[in-house]
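Novice: Sequence:
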Amino acid sequence: MFHEPMLHETFMTLFPTIPNCYHANVIWYRSMVELRSRIELAMFERVAPQLVTLTIAMGIQVPRIKVPWLSSLRRLEVAGTDVCLLTERNLSAGVDGHTTRILDDLAGIDTRALEDFAMTKLDRMLTFIWDHQRIFGTLRELKIEIKGVQFQNQPSYQLIELVEAMGDALEVLDVQFWPEAVLYLDRIPTRNLKSLLLHQMKDPEPFLERRRTMAAFLRQCPKLDTIKMYTAEKDLLESWRSRAGRSRDSLDMMLPRFRALSLGPQSEVRRSKLIDISIAGLAQDVIAIVNEAVDMFAPDLKSISVRSWFNGRLMPTPLSWSDSDTPLQQLTDLNLEGEVSWTFDYGSLSKCPRLSRVRLAFTGPMPSRSAKKQPAIGLLAQVSTLRDLELVGHWETLDNKGWPAVVARIERLERLDLKGCEGMTADQAFRIELTIVENSRMNQKESNAECALRWIIVNKRLEDALARLRHNHLRQQTPPGSPTRRVRYSFVASARPSH
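Letter 193 of the sequence shown, counting from 1, is numbered 193 in my numbering, and no numbers are missing.
Hints were generated in silico from the structure; no laboratory data involved.
Glycine is no exception: its CB is placed at the ideal position from the N, C-alpha and C atoms.
It is possible that part of the hints are untrue.
[Claimed, not checked] Calculated pairs, DSS-like style, for lysine-lysine (alpha carbon to alpha carbon, straight line, at most 30 Å):
{"id": "1", "residue 1": "Lys273", "residue 2": "Lys351"}
{"id": "2", "residue 1": "Lys401", "residue 2": "Lys351"}
{"id": "3", "residue 1": "Lys147", "residue 2": "Lys228"}
{"id": "4", "residue 1": "Lys460", "residue 2": "Lys401"}
[To be verified] Distance windows between CB atoms, simulated:
{"id": "5", "residue 1": "Tyr157", "residue 2": "Gln220", "range": "20 to 26 Å"}
{"id": "6", "residue 1": "Ala232", "residue 2": "Thr435", "range": "38 to 44 Å"}
{"id": "7", "residue 1": "Arg415", "residue 2": "Ser71", "range": "38 to 44 Å"}
{"id": "8", "residue 1": "Leu379", "residue 2": "Ile135", "range": "54 to 60 Å"}
Build out the structure end to end from the sequences listed, making use of the hints.
Specialist: Written as structure tokens, this is what we have:
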């Protein structure tokens, strides 16, 4: 990323020394246009034949892409879709500041019929995908937009053409920041689709009225193993359930000698199993979906993420798989946000022998049932494989629930993320560090294991106060080589980041 022209000479000097480069993300600023040609040749002649990921910002002038230079390209990311209706003539005239007005004027109009059929950035991108797939056919992944934008400004009727241009080679589709993608499910190639990442915010009412049922769409994706979406359907996994049932019935009908050899109809058994599921929606919907997913895919699941909203009705059944006969052998990541984090059955963690990262976001109102029947949060400290823990919520509430004591008992914790804890003071953050170190010192006498904590992430507003506390403590009480000296702090500005 070049902010000033003076960096050009440094770039030209250092770039040829890079032995292998498989990912480059270069943004050309308007003040750098006069240097673009020289940098373009220096970069693409060196990197393009090896490049597997390319990110293109549609709203600024980017170099014209020559197809022969990108013969190994696998992943394409398109950013700035809210201004991609502008042509190069608009950009050169410096009308970027009037983007909103122009988009309002062009709403509902096919811009390819304007300005003497001048090609927009989106038209040029569509042509590139067509040509690249026709010549090389290596593109497998497409990501539309890398951050949240005003979806009213996104020309969905043209963005879906980018998805269609990928053809049956499409394996990964990431449209988390394009909400209207759910209206074009019937135009998404599904034959080889393995990963589908849709938006997870609540659907506006028009979306719910016009969208297809997600369960019917997933039935057309036989190779899908990763899903991320908002849903209001409890029967989301119907296609997996029905195929599994038909497979069992077909095996039961086979002759014994064929059943022993695992021979027989295989067409119903070929559907991929889910390994990564990320679901958002009302609590009663997402809990039913995830509990069913664990029943069907327990040996294969690697990541579970649940984001729920409380609608006023208490769920009789919490998120739980403690009664499951099959342990989640592959599960390494668990992310819970909303009501599911308040009511989660922590006894389920005993079924996760490889769990290494947990994120718990206690957002929204706390269900009244949680006040009467406290979840056994202390069971989290018994997960010996846990290395990374993130807590989100109001710190006074978490403190009253006993979370500081639970965190201090996690023996092998290496990274503690508290940047999303509102109302936390520097004294409270530093006290957690000292408690963890002290507990590790007591455990060291028994198990001869040193403190594993290395990083604590907190809000940036605590930086100055924490620096003073640590300086005074290290100078007065801590000898050289103490575990406290090995702990590092990272300060982040955002109070409640999205996962």
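Novice: Now tell me, hint by hint, if it's right for this structure.
Specialist: Status of the hints after comparison with the structure:
Distance restraint check for Lys273 and Lys351: the Cα-Cα separation of roughly 19 Å lies within the 30 Å cut-off, and the hinted pair is therefore satisfied. With a C-alpha separation of about 24 Å, the suggested pairing of Lys401 with Lys351 holds against the 30 Å cut-off. The straight-line distance between the Cα atoms of Lys147 and Lys228 is roughly 16 Å, inside the 30 Å bound, and the hint therefore holds. A C-alpha spacing of about 25 Å is found between Lys460 and Lys401, which places the hinted pair at or below 30 Å, so the restraint holds.
The supplied range of 20 to 26 Å is met by Tyr157 and Gln220, whose beta-carbon atoms lie about 22 Å from each other. With their beta carbons about 43 Å apart, Ala232 and Thr435 fall inside the hinted range of 38 to 44 Å. Hint check: Arg415 to Ser71, Cβ distance near 39 Å, so the stated range 38 to 44 Å holds. Checked against the hint of 54 to 60 Å, the C-beta distance between Leu379 and Ile135 comes to roughly 56 Å, which is consistent with it.
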